[in-house]
Structure formats: structure tokens, C-alpha cells
Amino acid sequence: MKRLALLVMLAALALCAAAGAAQTPAPDEAQRLTVYTSHKEEVYRAVIEEFERRTGVWVRVVEGGTAELLARIAQESDDPQADVMFGGGVESLMAYEHCFAAYDGSGAALREDCAFRGHRFAAFSRLPLVIIYNPRLIDDPPAGWADLLDARWDGQIAFADPDVSGSSFTALATMMQALDRSDVLARFAANVRGHVLSGSGDVLTAVANGVYPVGVTLYETAKKRILAGEQIGIVWPCEGTSAVPDGAAVIAQGRHPENARLFLDFILGADVQRRVQTDYARLTVRSDLVFEGEDAQQGPLCAYDIPWASGARGDILARWRVLMGEGEP
Amino acid sequence: MKRTLRSFNTRIFVMMLSVGIVPIVLCLTLMLPLLVSTSEHRQERSAAQQLGAMSECLGGVFLQADEALAALAGDTRTAAAMRKTAGNPDTGKQLYAAMVGAASGCEAIANLYLFDVDGACLSALRGVPDPEPLATDWGVLHMAREEETVYCAAQEAGQIDAVRSLPGGAGYVLVRLDGEGLRALLSGAHDPSSGVMLLSPQWRLIFDTQTTGSQERLAVLRERLLAGEALSDGDASIICSAALEPVSGFTLLLSQPRAFTRDMTRMALLIGAAIGALSLMLCVIAARMLSRSLSRPVQEMTQAMARVQRGELSARVTPRTDDELGLLAQGFNRMAEQVEENLRRIVERQKELNETRIRMMQAQLNPHFLYNTLDSMKWMGITHGVPQVATLAQDLASILRTSISGEEFVTLGCELELLERYIDIQLIRFEDRFACEIEVDDALMNLLVPKMVLQPIVENAVIHGVRDMDDGYIKVYARLQEDELHLLVQDNGCGMDSEQSGALSFGVSSRPGEHLGLYNVDSILRLHFGDAYGLSIRSRPGEGCLVMVRLPVRRADKA
Chain A
1 MKRLALLVML
11 AALALCAAAG
21 AAQTPAPDEA
31 QRLTVYTSHK
41 EEVYRAVIEE
51 FERRTGVWVR
61 VVEGGTAELL
71 ARIAQESDDP
81 QADVMFGGGV
91 ESLMAYEHCF
101 AAYDGSGAAL
111 REDCAFRGHR
121 FAAFSRLPLV
131 IIYNPRLIDD
141 PPAGWADLLD
151 ARWDGQIAFA
161 DPDVSGSSFT
171 ALATMMQALD
181 RSDVLARFAA
191 NVRGHVLSGS
201 GDVLTAVANG
211 VYPVGVTLYE
221 TAKKRILAGE
231 QIGIVWPCEG
241 TSAVPDGAAV
251 IAQGRHPENA
261 RLFLDFILGA
271 DVQRRVQTDY
281 ARLTVRSDLV
291 FEGEDAQQGP
301 LCAYDIPWAS
311 GARGDILARW
321 RVLMGEGEP
Chain B
1001 MKRTLRSFNT
1011 RIFVMMLSVG
1021 IVPIVLCLTL
1031 MLPLLVSTSE
1041 HRQERSAAQQ
1051 LGAMSECLGG
1061 VFLQADEALA
1071 ALAGDTRTAA
1081 AMRKTAGNPD
1091 TGKQLYAAMV
1101 GAASGCEAIA
1111 NLYLFDVDGA
1121 CLSALRGVPD
1131 PEPLATDWGV
1141 LHMAREEETV
1151 YCAAQEAGQI
1161 DAVRSLPGGA
1171 GYVLVRLDGE
1181 GLRALLSGAH
1191 DPSSGVMLLS
1201 PQWRLIFDTQ
1211 TTGSQERLAV
1221 LRERLLAGEA
1231 LSDGDASIIC
1241 SAALEPVSGF
1251 TLLLSQPRAF
1261 TRDMTRMALL
1271 IGAAIGALSL
1281 MLCVIAARML
1291 SRSLSRPVQE
1301 MTQAMARVQR
1311 GELSARVTPR
1321 TDDELGLLAQ
1331 GFNRMAEQVE
1341 ENLRRIVERQ
1351 KELNETRIRM
1361 MQAQLNPHFL
1371 YNTLDSMKWM
1381 GITHGVPQVA
1391 TLAQDLASIL
1401 RTSISGEEFV
1411 TLGCELELLE
1421 RYIDIQLIRF
1431 EDRFACEIEV
1441 DDALMNLLVP
1451 KMVLQPIVEN
1461 AVIHGVRDMD
1471 DGYIKVYARL
1481 QEDELHLLVQ
1491 DNGCGMDSEQ
1501 SGALSFGVSS
1511 RPGEHLGLYN
1521 VDSILRLHFG
1531 DAYGLSIRSR
1541 PGEGCLVMVR
1551 LPVRRADKA
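As they're listed, the protein sequences go chains A and B.
Number 126 in the working numbering belongs to position 126 of the first sequence; there are no gaps in the numbering.
Whatever position you read off the second sequence (first residue = 1), add 1000 for the working numbering.
Heads up, some of the hints might be wrong.
[Unchecked claim] Distance windows between CB atoms, simulated:
(1) A:W308 with B:L1226: 37 to 45 Å
(2) B:L1226 with A:V164: 31 to 39 Å
(3) B:L1226 with A:L227: 52 to 60 Å
(4) B:G1074 with A:A102: 47 to 55 Å
(5) A:R136 with B:E1156: 33 to 41 Å
(6) B:D1118 with A:P135: 48 to 56 Å
(7) B:E1147 with A:A95: 26 to 34 Å
(8) B:E1156 with A:E230: 18 to 26 Å
(9) A:P27 with B:C1027: 43 to 51 Å
(10) B:A1097 with A:G293: 35 to 43 Å
(11) A:P27 with B:E1156: 24 to 32 Å
(12) B:P1167 with A:V290: 46 to 54 Å
(13) A:A71 with B:D1118: 41 to 49 Å
(14) A:R136 with B:P1257: 34 to 42 Å
[Stated by the list, open to error] From chain A, some residues computed to sit far from chain B (all C-beta separations above 10 Å):
(15) A95
(16) Q156
(17) D161
Treat the hints as calculated values from the structure; they're not laboratory data.
C-beta atoms are modelled at their ideal positions from N, C-alpha and C, and glycine is treated no differently.
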């Protein structure tokens, strides 16, 4: 009898406990969005929080590398777990276009070279490459790509391994397209002299610390270091530099396609695009925004053939390895 | 024996174990969850109370801010003054006065700002205006509406902005609660041991009373919320509860340290297990001791029994206790004593029998020598014309032959024939001074009697009874009485005194040297047939003597 009473008491307590734990209700499906992003938190955080503020949508962010996330999207194509892929170079997104739903970004006034009509993704921002230098070591930095091939910079150039760093490969492809010369790769390789650095971050560190006087890296990262107080000078190459776009895409069969489109509309909107250029040291993909002073584009752009770069990538890297004395001749 | 020990041990051990361990297990399995659930329930209630109090506090402040903003925005002079404000000290004072008037009550923890259409700060209630303009296409000012106060995380972490647009797009009015103000506001309403987070409607961090690791903790909780899981993970040492603040739409998130953490539960279980192990050990020891105290006497008794079985009748058990086992040991000892006594008596009887046999064997001289001698005597008697010698020798030889023959039993006929030969001899010796008469029914002649039972009796009658008389008379007769055969020898001799006859009538218990023959007969009869049979003598001095042989009726199988 006593045991029965005890059991009843326990059951009652359990019920009370269950009733007391009034859970904060999770948001409705209609108020949700899952974003896979290869952007760094300092890029995506403000964008996503502003999106949440404006729309009331709860955004779940999953961070990762571009290749990793795209592979995951392809793997999950039967039952997609995400709605938006935010980030990744357009050439990477092109390879996974079958995983994306069509998105018509024509509502935004996009630049012609960033419209990607007929593709299932949208460009988000453009990342210009620049030459950096240590102003405490040199007063007359190279003015452009051609100068970097000069014997003066023999062994003086900080350059990341293009096998590892996407921006390093882009730099090689940019030089080859910007300069109408056949010996670009060989000359540049001779100046780098086999001293490639293991990552693009090392280029900035090496130049800021004076280990190398000159380097090649993205404008975005160089600007960030300058804002952090490091003494780095930036040169926009006089021949014009590339600004390869990264993009975003709505994932096909996602659970929240409406919110996904809202998100893409938002990041292509003028409010975000303005910040792409003013806050992130990138270039906007819109044609209707005007920037002044430091926020404006600082140098010319050259034509950059993305399909050609993608196609020749293996070939260029193989040649580079040979020039570095690593691969088979 | 080992098995006895083990089975005792096992049974006692199992019983003690169930008595010792079951309460501990019950205690752990029932009490611990009960305690944990009670404590959690209490914490949840306390969390609800704290959240309610904080929500009320915050709501009050937000409403005050709302009132201040509404008052300031509703004042048409504010907008008009703002349009004209650029560098005009008078309008600046005017604005300040309007702000002081509007900020009734909330100025203690909040500051009031005025922004123009481009987001530049024109005036602040306290301190100097923020020189950094606010973006109007982003964040707080972008959210601002005319008829409604919007609450939003400020650009700077840990602050809250409440904002309103001025009518006609004249600018913005903004109330800013800073981190210190929020901390002071909330500190009275929550338990100092718990942490409070203030979150945007989409659970982005606005403010946290704890200064480190806020984003990481929030990221985990947000993931749980989105996955539809409970905020307080069972494993965590923190209980999280959330409540919506209705005015702003913000969420208050309270983290309390769990009163019963996993570690404490584990510790309680560990202590329980240790106590269980201790009680297990005690059970083992107690079971061993108890079973030993039970099994040792049993074992000793079993060993003593085995010794008795092997023939060691002296085996005894020392009773250790006064209980049932002690009684059992005493009983065993008594039984062993009786068995030993019985055996001793049997051995004694056997010894007596052997002695009798030895005596009989000693009496057996080399028969051939005796026969031959007697035969020689017989023929010498005949040749020398002394027939008495011949008769004596022949009778003696006949008696000898019978007496030393291997058979123990002979027919009564044979026995009587032997007796007649003996009497013949004695008659010659005593020159017919006594007469002997044998009177036995022919029907009894075939009954079996131990050989040489009558001869010693008759000899006794002759030697002790009638030897000194001239008219001695001995009568031998027999009779059947029920299953017994009675052989009687009566004489008219001098008789015996009662002492002698009385002693004799008790058979084996005494051994008078005078009547060895009678004693032997009595012994033989008792050995053969038991103490119920034997000799009895009735006699008085001077009146002769009657000796009766009692023995069971046994017939010769072959007639």
C-alpha cells in the first residue's frame, strides 16, 4: 500500500515537472531558413542579423569550406537540409548548379558581368586582387603585374601556394590574362624562386613583418589588416586586376524556398551591397551604387575569363609545379 | 563436507545479501530520482518567478521609453525645431528642454537622443551627442516607424535602443538603455547565482549578465530551440528557462546552476555503490562466520560418524554449545558409548567361548594312542582271563571315541548308550555298590542333544552322591514339556547344601571348582541355546539330588 502511494507520488511529480517546463515554442517552419556559408563570421553575421531583424525569419547558419559545403549539398540533394548556399566562387557554384533552384535576380540592377543570366546562382560580391608592400622597406612599389616579373623582385615576392590558396591561383590566371606575354608564369615563378607560403594569410604576415617586401593577395584581407593597424601599402595594378565574384544560390527542393529567395533578394539589395563595398572591402555587383573616396574602386579592372581559368586550372597548376621544381617536367 | 559448508554458506549469504543490499538499491532507485525531480521542479518554479519579475521590470522600462518617445514625437515643435537646428543654439536649447520634459522617469537608466534624417546625432539628454552617425539604411534607424516604438539591439553590444521616426521624416528619437542600466535593472529580479541573457526575437544576443562565452552558450541553446529539443540538456549542469518579454518581443533567458548536477548524482550513486560493496563484504564475512558456526559442529559430527563407521568406537564429539547442535552431539556420544559397550560384551562372550573350546581341545589326547592302549588292555584282559579289564577297556574306548568325535550333537539314544558304558565302568570300579536305571521313552531316542551332557551329571551323582553308600541309586529319565526336553538325573546320595545348588542353578555366573563338570555342561547348553536353557539342581543335604537339563526339542533330520 505504501509502495503504491510512493509510486503515485512519483508519477504525480513527474507530471508536474513535465507541465512546469513550459517550453519556449520553436519558431514555425514558415519563419525559418537554413544557410550554408563559406563566408567568415565577420562577413555573414551582420548580414544575417539584419535579415532576421527585417523579416523576422530565424536563420540557422552552418559554416564550412566551400568545397565541403557544396559536396554536402550534393549529398543531401534527396533531402536538402539547407535552403541557401551563401559564399563560394562562382566557378565552384557553376559545378554544382544542378543542386540549385533557379533564382531570378533581375529585380536588382546588377552589373552586366555579374548578372550570370541563365545560371542558377547570383553573384554576391567581387574580390579584387592587389599587390601589397611594406612601406617601411620600399618607397617605390611595383606599379602593376608587369613590374612583378622584373628581376628587381627576384626572391622578394610573398606568394601563397596556388595549390592551396584559391586567390593565388586567381593571381596567376589574372597575370596571364592581363599581360599579353607568354613568359608570365616562368618569369613570375623565377621571382618567387620556390619560396611559396603555405596560405594566403601568411602573405600578409610576411609582408607586414618585413620578411618579404612585396606580396599578392586579396584587397579584402589587406584592408582588414590595415584597419587592424598593420603597416601595409596597397597597389592596384595599373594593367587592371581581376575581381572574381563569389555568389549565393537557392538550394533546390529546400524546405523554405520563399525565405531563401527573400534572403537572396536581401543580399543583392542596395543596403547590403553598399556594405559589401564600404565595410567588406569588396566590390558590389550592383551597377546603381556610387561610392566616393576610399570606398570607391581604386584601380582599373582587366577582363577575366572565368570559364577559361577554370578550364586551364589543372594545366596552369601543373606547369607551376614544374617551374617550382616540384612536379614532373 | 565441503559441499555442506558451501551450501550453508551460499544460502546464508544470499539471504543476508537480500537483506543488506535490497534496501540500498531501493533507496538509490526510488529516493534519488525523487530528490532530483523535486529539486528540478522547484528550480523551474523559481525560474518562472524570476523570469516573471524581470519581464515586469523590463516591460516597465520599455513602456516608459515608449511614453517618452511618444511624447517627444507627438510634439510638433520638436520636428519643426529639428529642421531648423543646424548650428542654431536656440533651437538646440529648445530641443533639450523638450527632451527633459519627455524623459520623465526613464532618465535614470536610459539616455535620450535625437537624430536627423541622415542619422547624425543632434542632441543627447545626458553627455555629448555621439559624433558617429547612425546608418539609416541599416539597423535601428532603418527599423524606426512613426506611430510605434521599435526595440532593437544597439550597434554597440549590450545596449538596447528604442526608436521612433518623427512625423514627416524629420528625424528620429531614440532611447538607449546601456549595459550598466540593464544590469542594475535586472540584478534585483534574479538570483545572483543564475545568469540572464536578453535576446532578440530571433535569439541573437543583446545583453548577458555573464561576461564570457555568451555567444557560444547562446549558439548551443539556439540550435536546441531550432531542433525542437529541451533547452536544459539532461547532461548539463545548467537549467535554462526562457520567457518572452511582451513589450519588446525580446526573450529573457535564465540559466540556473542545476542543484543536482550529473556529478552529484554520480557521486550519490558512487557512495551508494560503496555502501553496497561494504555491505556485500560484511554479508560475505557474516555468512562465512554463521555458516562456520553451524557447519563446524555438523562437520565434527560427520567426521566422528565416519570414524565410528571405520570401527573407532571411541570417537566422541565435544559439544560446543547448549543449542540443538549441542544436544545432537550429546546424543551422538551416548549412542557411541552404548555401541561400544555392546561390542565389548560380545567380544567378552566370544572370548569365553574360545576358552571353553580350548579347554575341550586340551582334553583331547592323542586318540589313537589311547585306543590302541585300551585295545591292548582288552585283549590282555581276555587272554589273562580278567573279563572286567576287557569290559573296562572296551567301554572306555567307546566313551573316548564318542567324546572326541567332531559332532557336537548326537541323538539321545547315542548319549544314553554312552552313559550306559560309563555306568558299566563305574559299576566295576565301585563293585556294584550302586544301581543305575535309565528310563527313557523310545519316542525320545531320536531327539538331538549336545554330546556328553549326561555323563558329567551322572559322574557328579556317582562321585559326590552315592560313592560312599552301599545302596546308591541313580535314575536317569527324560520328558517332553511343550517345546522343551527335560533330562533328569536323580540320586539318593548325600545331596548338596543349598549354597552349592543355588549357586549352580545360576549357571555361568559362578564357577565353583568342585562341580566343574556340571558347570561345563551348563556353559555348553547356554552357549548353544541361550540363557533360557541350562542346568537346574534341586537338592538338600542327605536327601539326594535332582539335576535337570533343559534344552529345546530338536530332532535328527535323518532317523
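So which of the earlier hints does this model not fit? 3, 6, 7, 12, 14
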